[in-house]
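Asker: In case you want the letters, here they are:
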Amino acid sequence: MIHIKDISYRYPDNTLAIDSLSLNINKGEFVAIAGKNGCGKSTLLRHMNGLLLPCQGSVVVNGMDTSDPSSLMDIRRTAGMVFQDPGSQFIGMTVEEDVAFGPENLGLSQREINERVDLSLQNVGMEGYRYHTPRSLSGGQKQKVALASVLAMKPDIILFDEVTSMLDPCSRKDILSLIENLHENGTTVVYVTHHLEELVHADRLVVMENGRIVHDGHPREILSRNDPEQFGSDLPPVIELARRLADSGLIPADPSSFPLSRAELREVLCRSK
Amino acid sequence: MNDLFMSFVPGDSVLHRLDPRTKIIGLMLVSFCILDASSFADMFFIALVFTVLVLSCRLPLGHFVRSVRPMLFFFAILFLMQLFFTEGREVWHFSSLSVTYEGLLLGTTITLRFVFLLLFAALITATTSPSRITSGIERLLRPLPLRYVGITSHDMAMMMSLSIYFVPMFYDSFTSLREAQISRGLDIRKEPVKAIFSIVVPLVSGSVRRVEEVALAMESRCYQSTGRSSMHEMKFTGKDHVSFAMFVFLILFLTVL
Amino acid sequence: MSIEVKDLSFCYNRGTSLEKRALDNVSLSIGKGEFVLIGGEIGSGKSTLVRHFNGILKPQSGSVTVSGMASTDRDVRHKAGLLMQYPQKQLFGRTVFEDVSFGPSNFGIKGDALEQRVADALEQAGLGRDIGSLSPFSLSGGQMRLVALAGVLAMQPEYLILDEPTSGLDPENRSSLLATLKELHLSGISVVVVSHQVCEFLPLADKVILLDNGWVSFNGTPVEYVRSVSSPLPEITLLMKDLIREGFDVRDDILSIDDAFEEIVNALEKRGAGQDE
Chain A
710 MIHIKDISYR
720 YPDNTLAIDS
730 LSLNINKGEF
740 VAIAGKNGCG
750 KSTLLRHMNG
760 LLLPCQGSVV
770 VNGMDTSDPS
780 SLMDIRRTAG
790 MVFQDPGSQF
800 IGMTVEEDVA
810 FGPENLGLSQ
820 REINERVDLS
830 LQNVGMEGYR
840 YHTPRSLSGG
850 QKQKVALASV
860 LAMKPDIILF
870 DEVTSMLDPC
880 SRKDILSLIE
890 NLHENGTTVV
900 YVTHHLEELV
910 HADRLVVMEN
920 GRIVHDGHPR
930 EILSRNDPEQ
940 FGSDLPPVIE
950 LARRLADSGL
960 IPADPSSFPL
970 SRAELREVLC
980 RSK
Chain B
42 MNDLFMSFVP
52 GDSVLHRLDP
62 RTKIIGLMLV
72 SFCILDASSF
82 ADMFFIALVF
92 TVLVLSCRLP
102 LGHFVRSVRP
112 MLFFFAILFL
122 MQLFFTEGRE
132 VWHFSSLSVT
142 YEGLLLGTTI
152 TLRFVFLLLF
162 AALITATTSP
172 SRITSGIERL
182 LRPLPLRYVG
192 ITSHDMAMMM
202 SLSIYFVPMF
212 YDSFTSLREA
222 QISRGLDIRK
232 EPVKAIFSIV
242 VPLVSGSVRR
252 VEEVALAMES
262 RCYQSTGRSS
272 MHEMKFTGKD
282 HVSFAMFVFL
292 ILFLTVL
Chain C
3 MSIEVKDLSF
13 CYNRGTSLEK
23 RALDNVSLSI
33 GKGEFVLIGG
43 EIGSGKSTLV
53 RHFNGILKPQ
63 SGSVTVSGMA
73 STDRDVRHKA
83 GLLMQYPQKQ
93 LFGRTVFEDV
103 SFGPSNFGIK
113 GDALEQRVAD
123 ALEQAGLGRD
133 IGSLSPFSLS
143 GGQMRLVALA
153 GVLAMQPEYL
163 ILDEPTSGLD
173 PENRSSLLAT
183 LKELHLSGIS
193 VVVVSHQVCE
203 FLPLADKVIL
213 LDNGWVSFNG
223 TPVEYVRSVS
233 SPLPEITLLM
243 KDLIREGFDV
253 RDDILSIDDA
263 FEEIVNALEK
273 RGAGQDE
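Taken in sequence, the protein lines are chains A, B and C.
For the first sequence, this note's numbering assigns the number 982 to the last residue and increments by one with no breaks.
For the second sequence, this note's numbering assigns the number 298 to the last residue and increments by one with no breaks.
For the third sequence, this note's numbering assigns the number 279 to the last residue and increments by one with no breaks.
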């Protein structure tokens, strides 16, 4: 689905952001990318729909090379992106117009646009806000509209760039369950985040450091043993507790059954009692 | 509230349902008539047209009064300028200032013209959503040879709607910045220069960042200036044709009058 | 001396069709030296409440006093220093020094005293005084937020009020901000945090106040909070409550990982001993 081969990228000020990195993402995967601030994870994500082009190496999305300008439109339609700040990705004057913006760029017919707007708003549960202005929405609602706007382009892949970092805990859960649903319905999800407790849903975790990949595997394997320093975050309390319990032999230390969530830890503890 | 100034009020009247192009052309023609109107009979006729339109769109008159209110100071200056600086038959004087009959007449008509221009503009903005206005303008601009200067009518319309969209955003950041600096002890009345500086610098730098982010969001949603379609269908209907007939009648009537 | 709020009510757009009641007869008191957490959903009125503490909003009915001074007095603004949400957006100085000195200079501090205050404030915010000569726009987002914090600290407020201080921060900067707040509180400054991320601040707080639609729906200690309020609760507390339901003998008012670990170890041992008998 996405083939990244040996890419490097330098910022305009010549600092190296990505250092000969390769990564393959398969159809239907839910890949989370984590790492410290400035490790290059957002930069990497922006290569996946051609917003940035590598200085060296190649990125191929669904068989289309991002360095080929004629396929950029198709690449962006295939791989939609939701950004961090819910306020500054609103383009229309109303919810409806914002969602229609993408389909309008694709030159679709009026009927098709309206159908897609309806369907995408229903998918994120915002159909009642069709004529609202962005100002009247909360951060979480804006982020749902942003997701609907991407869904309206019918992408195969959705790239999420720290989309929950400016949201309150409630909206964060809403957005995460929407993403989980999309994944279950076959959308390929690439999810950049700082929040390790959100990785529970992912079936693959990629950890970056200084523009390189340092870990690539199941979140259970990676979170059960590695130094949290690398993730740029403290471990979520439940995982930290689980690690301490495993270290003192109170629960099994086997990474394949290591608990990542509260429900999983409760199960493990009940079994060991 | 500032929010109500020239704002759109959703509705389902004839005026709401007219094609935006009809309304824009209509506004242009009416403006022409207003600027041409000089007698009180003309003004009365225009006022009559306005009243009928307001009644037909079923909006409270108060909405339009609020649209004029922020400009009252400007109208007052305009009126006084004409009143005192027009030569003619004196009707009243106060030391070296004198009010003439011609001044009174000219002041009233010129001020009324501006008031009516604003009222009719408010009528359009109240019954047409900003995006329909921009797409209407986009369609009207399409035949112009804009591509020779390197832009398309879509670019023009996009620029317009983004600038309309940025106004409330700008206003919100302005309010929060003002509160932040006041929290840090800023006294706007005492030190206006410092105040302006401490609000404008972050306002501009924040907006630049915001513009970059919006541009990125547009790009990743395949923005292109040619080959776009629109979710708002634009089709002249019977109502639009009748409206055009009425414009012609209005103009003829005013020229004859 | 304390912040006293008495029968405070406030409506936005009063007298228009858009009228919205934000605070309804709120009375509360924040003592000197306390770390108070004000929580509640978006639109519950918490930001409106703290905007009264330093006089940005004037009470429509009721009263607010800070250390005995009416909040409408301009001098209240340096007694109760307010750090707004996303404060990095308010930076404007050519240098960090210029920006941090903005607050105290507005209250007439000059010369050496001003330099000393700025240096102290940068130190307190955990930035170090060397940063003073840099442009604030060359710093990272997390550092910019600390510069804005220093800008408020430079006014040497008795009460430091922060509106959603961790919103949008990455975890690294968030933990260092939490550590800074803890230190400030230990040094004797009263800290008032407004946040919908209640769980994050629970271990630091002396007192929790919850607002719901402009009402005070809870006012008590963090332990009382986790016992009586159903959400939002920290994952650790929820885990302990889950375990109690599964028949474990653990406490229901646990806030820290250390305590949770100890409780679970004890519960498992007790159970082990019980099975041996």
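Derived by calculation from the structure, the hints in this document are not laboratory data.
In this text, a Cβ means the ideal position worked out from N, Cα and C, and glycines have one as well.
It cannot be assumed that every hint is accurate.
[To be verified] Beta-carbon label-pair distances, calculated as ranges:
| id | chain 1 | residue 1 | chain 2 | residue 2 | range |
| --- | --- | --- | --- | --- | --- |
| 1 | A | Ala-962 | B | Arg-250 | 43 to 53 Å |
| 2 | C | Lys-60 | B | Ile-118 | 45 to 55 Å |
| 3 | C | Thr-223 | B | Ser-248 | 38 to 48 Å |
| 4 | C | Asp-9 | A | Glu-893 | 15 to 25 Å |
[Said to hold, decoys possible] Straight-line distance between alpha carbons at most 35 Å, and here's what the computed DSBU-like set of lysine-lysine pairs gives:
| id | chain 1 | residue 1 | chain 2 | residue 2 |
| --- | --- | --- | --- | --- |
| 5 | C | Lys-8 | C | Lys-34 |
| 6 | C | Lys-243 | C | Lys-112 |
| 7 | C | Lys-243 | B | Lys-235 |
| 8 | B | Lys-276 | C | Lys-8 |
| 9 | A | Lys-745 | C | Lys-243 |
| 10 | C | Lys-184 | C | Lys-243 |
| 11 | C | Lys-272 | B | Lys-231 |
| 12 | C | Lys-112 | A | Lys-882 |
| 13 | C | Lys-112 | B | Lys-231 |
| 14 | C | Lys-91 | B | Lys-235 |
| 15 | C | Lys-91 | A | Lys-745 |
| 16 | C | Lys-91 | A | Lys-882 |
| 17 | A | Lys-882 | C | Lys-209 |
| 18 | C | Lys-184 | A | Lys-863 |
| 19 | C | Lys-209 | C | Lys-22 |
| 20 | C | Lys-8 | B | Lys-231 |
| 21 | C | Lys-34 | C | Lys-60 |
| 22 | B | Lys-231 | C | Lys-243 |
| 23 | A | Lys-745 | C | Lys-272 |
| 24 | C | Lys-22 | C | Lys-112 |
| 25 | C | Lys-209 | B | Lys-231 |
Asker: A separate judgement is required for each hint: does it hold in the structure or not?
Answerer: Cross-check of the supplied hints:
For A/Ala-962 paired with B/Arg-250, a C-beta distance near 46 Å keeps the hint of 43 to 53 Å intact. At about 33 Å, the beta-carbon gap between C/Lys-60 and B/Ile-118 misses the expected band of 45 to 55 Å. In this structure the hint that C/Thr-223 and B/Ser-248 lie 38 to 48 Å apart at CB holds, the actual value being about 44 Å. A C-beta distance of roughly 52 Å is found between C/Asp-9 and A/Glu-893, which places it outside the suggested range of 15 to 25 Å.
The straight-line distance between the Cα atoms of C/Lys-8 and C/Lys-34 is roughly 17 Å, inside the 35 Å bound, and the hint therefore holds. Between C/Lys-243 and C/Lys-112 the CA atoms are separated by roughly 56 Å; this puts the pair beyond 35 Å, and the hint is violated. At most 35 Å may separate the alpha-carbon atoms for a hinted pair to count; C/Lys-243 and B/Lys-235 exceed this at roughly 55 Å. Proposed proximity of B/Lys-276 and C/Lys-8 is contradicted: the alpha carbons are some 60 Å apart, above 35 Å.
Note on A/Lys-745 and C/Lys-243: the hinted pairing holds, with a Cα-Cα distance of about 33 Å set against a maximum of 35 Å. Restraint check: the Cα-Cα separation between C/Lys-184 and C/Lys-243 comes to about 27 Å, which is no more than 35 Å; the hinted pair holds. Distance check on the hinted pair: C/Lys-272 and B/Lys-231 sit about 70 Å apart at the alpha-carbon level, beyond 35 Å; violated. With a CA separation close to 49 Å, the supplied pair C/Lys-112 and A/Lys-882 exceeds the 35 Å bound.
For the hint pairing C/Lys-112 with B/Lys-231, the CA-to-CA distance comes to about 17 Å; that is within 35 Å, so the pair holds. Simply put, C/Lys-91 and B/Lys-235 have alpha-carbon atoms about 17 Å apart, close enough for the 35 Å limit, and the pair holds. The hinted pair formed by C/Lys-91 and A/Lys-745 meets the criterion: a straight-line CA distance of about 23 Å does not exceed 35 Å. Restraint check for C/Lys-91 and A/Lys-882: satisfied, since their Cα atoms lie roughly 27 Å apart, inside the 35 Å limit.
At most 35 Å may separate the alpha-carbon atoms for a hinted pair to count; A/Lys-882 and C/Lys-209 meet this at roughly 27 Å. The suggested pairing of C/Lys-184 with A/Lys-863 is violated, with an alpha-carbon distance near 48 Å, which exceeds 35 Å. The straight-line distance between the Cα atoms of C/Lys-209 and C/Lys-22 is roughly 28 Å, inside the 35 Å bound, and the hint therefore holds. At roughly 31 Å between alpha-carbon atoms, C/Lys-8 and B/Lys-231 fall within 35 Å of each other, so this suggested pair holds.
With a C-alpha separation of about 22 Å, the suggested pairing of C/Lys-34 with C/Lys-60 holds against the 35 Å cut-off. Straight-line distance between C-alpha atoms of B/Lys-231 and C/Lys-243 comes to about 57 Å, which puts the hinted pair past the 35 Å bound. For the suggested pair A/Lys-745 and C/Lys-272, the alpha carbons sit about 41 Å apart, so the restraint of at most 35 Å is broken. For the proposed pair C/Lys-22 and C/Lys-112, the alpha carbon gap of about 43 Å is over 35 Å, so the pair is violated.
The hinted pair formed by C/Lys-209 and B/Lys-231 fails the criterion: a straight-line CA distance of about 39 Å is larger than 35 Å.
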